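Protein chains in written order, with our numbering: chain W, 78 to 540; chain L, 482 to 910.
30 Å max Cα-Cα, derived DSS-like pairs, lysine-lysine:
{"hint": "1", "chain 1": "W", "residue 1": "Lys125", "chain 2": "L", "residue 2": "Lys822"}
{"hint": "2", "chain 1": "L", "residue 1": "Lys715", "chain 2": "W", "residue 2": "Lys138"}
{"hint": "3", "chain 1": "L", "residue 1": "Lys493", "chain 2": "L", "residue 2": "Lys600"}
{"hint": "4", "chain 1": "W", "residue 1": "Lys106", "chain 2": "L", "residue 2": "Lys715"}
{"hint": "5", "chain 1": "L", "residue 1": "Lys854", "chain 2": "W", "residue 2": "Lys125"}
{"hint": "6", "chain 1": "L", "residue 1": "Lys591", "chain 2": "L", "residue 2": "Lys671"}
{"hint": "7", "chain 1": "L", "residue 1": "Lys850", "chain 2": "W", "residue 2": "Lys125"}
These are computed hints drawn from the structure, not numbers from a lab.
Predicted, not measured: the structure shown is a model, and the values here were computed from it.
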Amino acid sequence: MESSRTFNSWSSERLVDNFVEFEPGLTAKGAMEESNRCLYCYDAPCIKACPTGINIPSFIKRIAANNMKGAARSIMESNPVGASCSRVCPTEELCEGACVLNQASAPIQIGLLQRYATDWARNHDVQLFAPGASNGKKVAVIGGGPAGLSAARELARGGFSVVVFEAREMAGGLDTYGIVSFRLPQSVSLWEVEQVEKLGVEIRTGVKVGTGISVDQLKEEYDAIVLAAGMGYVPRIGIEGEELEGVYDAIRLVEATKTGNLPLELAGKRVAVIGAGNTAIDAATCSVRLGAANVKMVYRRTREEMTAYDFEFEFAKQEGVEFSWLTMPKRIISDADGKVAALECIRMTLAGETGKDGRRVPVEVEGSEFEMPVEAVVVAIGQERHTELIDLLGIEHERGVVKIDEATRRTSDPQIYAAGDIIFGSGQGEAMVVSAAEQGKQAAYAISRYFAGQEDSVIETAV
Amino acid sequence: MADLSIDLAGIKSPNPFWLASAPPTNTGYQVQRAFEAGWGGAVWKTLGDPIINTSSRFAAVHFNGQRVAGFNNIELITDRPLEVNLKEIYETKKRFPDRAVVASLMVEPKREKWHEIVKRVEDVGVDGLELNFGCPHGMAERGMGAASGQQPDLVESQTYWVKEVARTPVIVKLTPNITDITVVARHAAKGGADAVSMINTINSLAGVDIHTWNTIPHVGGKGAHGGYCGPAVKPIALSMVAECARDSRVGIPISGIGGISTWQDAVEFMLMGATGVQVCTAVMHHGFRIVEDMIDGLNNYLDEKGLASVTELTGKSVERYSNWGDLNLNYKVVARINTDKCINCNKCHIACEDTSHQCIDMLTGADGKAILKVREEDCVGCNLCSIVCPAEGAIDMVEVDSGEVPMTWNERQQEIARLNGSHSEAEVV
Numbered sequence: 078m079e080s081s082r083t084f085n086s087w088s089s090e091r092l093v094d095n096f097v098e099f100e101p102g103l104t105a106k107g108a109m110e111e112s113n114r115c116l117y118c119y120d121a122p123c124i125k126a127c128p129t130g131i132n133i134p135s136f137i138k139r140i141a142a143n144n145m146k147g148a149a150r151s152i153m154e155s156n157p158v159g160a161s162c163s164r165v166c167p168t169e170e171l172c173e174g175a176c177v178l179n180q181a182s183a184p185i186q187i188g189l190l191q192r193y194a195t196d197w198a199r200n201h202d203v204q205l206f207a208p209g210a211s212n213g214k215k216v217a218v219i220g221g222g223p224a225g226l227s228a229a230r231e232l233a234r235g236g237f238s239v240v241v242f243e244a245r246e247m248a249g250g251l252d253t254y255g256i257v258s259f260r261l262p263q264s265v266s267l268w269e270v271e272q273v274e275k276l277g278v279e280i281r282t283g284v285k286v287g288t289g290i291s292v293d294q295l296k297e298e299y300d301a302i303v304l305a306a307g308m309g310y311v312p313r314i315g316i317e318g319e320e321l322e323g324v325y326d327a328i329r330l331v332e333a334t335k336t337g338n339l340p341l342e343l344a345g346k347r348v349a350v351i352g353a354g355n356t357a358i359d360a361a362t363c364s365v366r367l368g369a370a371n372v373k374m375v376y377r378r379t380r381e382e383m384t385a386y387d388f389e390f391e392f393a394k395q396e397g398v399e400f401s402w403l404t405m406p407k408r409i410i411s412d413a414d415g416k417v418a419a420l421e422c423i424r425m426t427l428a429g430e431t432g433k434d435g436r437r438v439p440v441e442v443e444g445s446e447f448e449m450p451v452e453a454v455v456v457a458i459g460q461e462r463h464t465e466l467i468d469l470l471g472i473e474h475e476r477g478v479v480k481i482d483e484a485t486r487r488t489s490d491p492q493i494y495a496a497g498d499i500i501f502g503s504g505q506g507e508a509m510v511v512s513a514a515e516q517g518k519q520a521a522y523a524i525s526r527y528f529a530g531q532e533d534s535v536i537e538t539a540v
Numbered sequence: 482m483a484d485l486s487i488d489l490a491g492i493k494s495p496n497p498f499w500l501a502s503a504p505p506t507n508t509g510y511q512v513q514r515a516f517e518a519g520w521g522g523a524v525w526k527t528l529g530d531p532i533i534n535t536s537s538r539f540a541a542v543h544f545n546g547q548r549v550a551g552f553n554n555i556e557l558i559t560d561r562p563l564e565v566n567l568k569e570i571y572e573t574k575k576r577f578p579d580r581a582v583v584a585s586l587m588v589e590p591k592r593e594k595w596h597e598i599v600k601r602v603e604d605v606g607v608d609g610l611e612l613n614f615g616c617p618h619g620m621a622e623r624g625m626g627a628a629s630g631q632q633p634d635l636v637e638s639q640t641y642w643v644k645e646v647a648r649t650p651v652i653v654k655l656t657p658n659i660t661d662i663t664v665v666a667r668h669a670a671k672g673g674a675d676a677v678s679m680i681n682t683i684n685s686l687a688g689v690d691i692h693t694w695n696t697i698p699h700v701g702g703k704g705a706h707g708g709y710c711g712p713a714v715k716p717i718a719l720s721m722v723a724e725c726a727r728d729s730r731v732g733i734p735i736s737g738i739g740g741i742s743t744w745q746d747a748v749e750f751m752l753m754g755a756t757g758v759q760v761c762t763a764v765m766h767h768g769f770r771i772v773e774d775m776i777d778g779l780n781n782y783l784d785e786k787g788l789a790s791v792t793e794l795t796g797k798s799v800e801r802y803s804n805w806g807d808l809n810l811n812y813k814v815v816a817r818i819n820t821d822k823c824i825n826c827n828k829c830h831i832a833c834e835d836t837s838h839q840c841i842d843m844l845t846g847a848d849g850k851a852i853l854k855v856r857e858e859d860c861v862g863c864n865l866c867s868i869v870c871p872a873e874g875a876i877d878m879v880e881v882d883s884g885e886v887p888m889t890w891n892e893r894q895q896e897i898a899r900l901n902g903s904h905s906e907a908e909v910v
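Turn these sequences into a full structure, and let the hints guide you.
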């Protein structure tokens with residue numbers, strides 16, 4: 078792909094256009110046509126397919142009837158990060174995949190309609206929700222990402238006094254820092270944060286639990302704690318040369334494109350991306366848009382086993398990303414200056430036997446080692462768990478995945494609830510923003526139920 | 482290729498598609514453009530004493546994103562001098578001798594006024610006359626149009642005056658803004674009309690602007706009722722055509738008007754008794770070129786049906802249009818859902834559950850898939866489910882044997898009367 082993207086000189090300003098939102102939103106006429114095409118199913122399958130249970134036919138009907146505030150409200154009611162989700166949800170696998178029109182003509186563009194309605198709300202400065210009457214209880218939320226924001230908003234609506242402790246400079250988590258801007262502009266996520274703040278939720282940014290505030294202090298000052306700290310950066314891959322200049326963590330790479338000036342290091346370079354999940358795709362397309370001369374995804378299995386969604390894969394192909402299937406990186410080779418010069422790989426083949434996850438096991442093809450000449454390697458093989466924080470809180474986990482009771486949403490410490498990626502285990506497919514949002518809601522409702530029950534018992538005792 | 486030509490009470494045209502008297506037939510330029518496009522005839526915009534029109538005249542009703550489900554206007558008859566219109570009619574007819582050029586007329590209900598205009602118009606070579614007793618707005622306030630058309634005796638006498646001098650066939654255009662259109666149609670026939678045309682527009686207020694609270698349309702902040710037409714009025718027009726067609730006391734040919742937009746609409750009107758049809762709103766929405774498909778579609782339909790002439794359609798469904806009292810009460814249909822074509826939108830279920838007879842169950846099939854099933858013993862055959870169903874072929878209304886001999890309400894009442902040997906409830910007619 079020695080394409081027109083190779084320029085002689087690079088500047089951050091020149092790349093900015095590459096990072097504006099890629100997919101155009103619906104026009105007013107487009108939204109009117111599409112919303113009128115919705116059948117307004119009864120007991121609609123799209124609602125059931127949405128992890129947050131957005132009443133999709135209802136919000137679409139409201140768009141058709143020009144009740145934009147009502148449409149936005151019905152979306153955000155069920156999903157406090159509904160504007161972000163309209164852009165990042167794998168709708169083909171969720172609502173749109175369930176649309177009955179798949180069989181008859183073409184599914185309703187639910188994601189785009191959801192974006193149209195929430196964009197309206199973003200552009201009209203409307204207050205969609207109000208805080209509930211104070212119940213005197215205080216809740217601390219650790220982590221201001223989708224799950225934390227979602228929990229905080231529902232708690233605030235339920236009358237709780239809520240403080241969100243966010244380690245980063247801004248809240249929004251993955252939506253703010255971890256998804257490429259040409260799919261999800263940061264402003265969308267920050268608007269969602271603002272909506273939560275408008276309900277009186279205090280978001281203390283730059284505060285890390287353990288250093289900024291102690292666990293004892295939290296447990297002392299708050300009636301309940303919601304742990305929604307998500308996941309961390311990319312773990313070490315464990316091959317030689319990982320520390321070389323020119324090796325990047327995919328999440329940090331994406332993050333760098335969302336904070337300050339765009340990084341220029343990849344411009345004109347050949348880039349190998351290790352991994353085949355959605356973050357790997359994001360890192361690959363991001364590299365393309367940062368001016369890389371050639372981007373190859375290196376994956377030890379095949380297209381069949383990759384966890385990235387089909388639409389992500391298609392998008393990467395359109396962007397000119399190449400795929401090197403059945404290829405496992407063995408070591409990263411440096412040049413004389415200690416910079417990346419090549420990625421040594423070995424060919425793989427899929428064995429007949431299947432692993433624990435049901436996928437066929439890749440095995441090395443003996444003697445098939447080869448060098449892939451690259452100047453940069455981006456590692457996207459998953460995310461680290463916040464084991465340190467979890468241990469600090471003293472709650473049970475399994476390899477960094479916090480264990481909760483499904484019914485009470487509580488961790489092993491009854492004062493601490495958990496939601497989002499921090500309770501997301503491996504082998505469950507891709508972690509989704511929309512699921513995190515739902516779990517945040519559920520944690521909030523569990524807390525509400527608990528304290529309501531306590532009040533009831535107090536009243537009963539008094540009687 | 483079937484023969485599409487028609488002969489409406491002596492007015493001949495190469496196809497049954499005429500433009501109705503309305504804005505599209507205002508000038509010779511327009512009518513000639515229409516004839517170039519293929520229209521078989523045109524009823525010129527109503528001639529009379531020129532009027533003054535308002536600015537802001539039309540409005541439409543849009544439905545679920547579709548433009549112009551219904552159309553409303555407060556425009557009056559021609560605002561151009563009679564001489565100008567007559568000159569253009571003459572030129573148009575000369576250029577298109579095979580097309581039907583009919584002059585629509587409206588004057589005060591005075592014998593000499595009618596005599597004068599009929600003579601002047603016939604002198605330029607029109608093929609027929611259409612008396613406008615239907616315009617519901619503006620002109621009616623001056624005692625013309627619908628104001629005449631709502632008084633059967635005035636319709637009869639004015640038709641009679643026209644017929645005293647007319648040498649060409651006379652069509653009387655009826656207003657739907659009355660209780661029983663057949664009464665007026667019968668009076669037109671008694672006055673000597675050669676044909677009737679229907680319907681003119683229906684009294685309407687297109688809407689109210691919910692932001693400004695003005696009427697739609699409004700003229701400087703004030704509105705007045707207009708005349709409604711377009712696809713939304715088709716069923717009303719069709720029933721009025723059918724009522725006149727099956728009334729032997731009317732007994733004259735019918736030119737069908739009201740929401741006709743496609744060749745299918747035209748076929749329906751003709752099956753219900755119309756000899757030809759007139760179109761307006763559809764051309765105002767899309768231009769004269771729509772006649773191309775109307776001609777082509779009608780041709781293909783006639784070929785498919787093996788009919789040599791379009792005239793074979795006229796009236797073929799009239800005998801099937803009857804009174805409620807003559808419907809077989811023992812005829813039974815039930816809904817049947819074709820699971821393979823069903824897309825599980827559940828619209829039939831909720832429509833039946835909430836608003837009809839609660840006989841469509843949402844079940845889980847043997848394979849675990851959701852299915853919808855009609856409890857036929859509880860189904861009254863109302864059709865609602867098949868109406869709301871968006872999936873082609875998913876719901877059939879199937880005839881079932883009720884096990885009873887056919888019996889209508891009227892027959893039933895007669896039978897009861899015979900058995901009781903006494904009077905029965907009045908027949909429903």
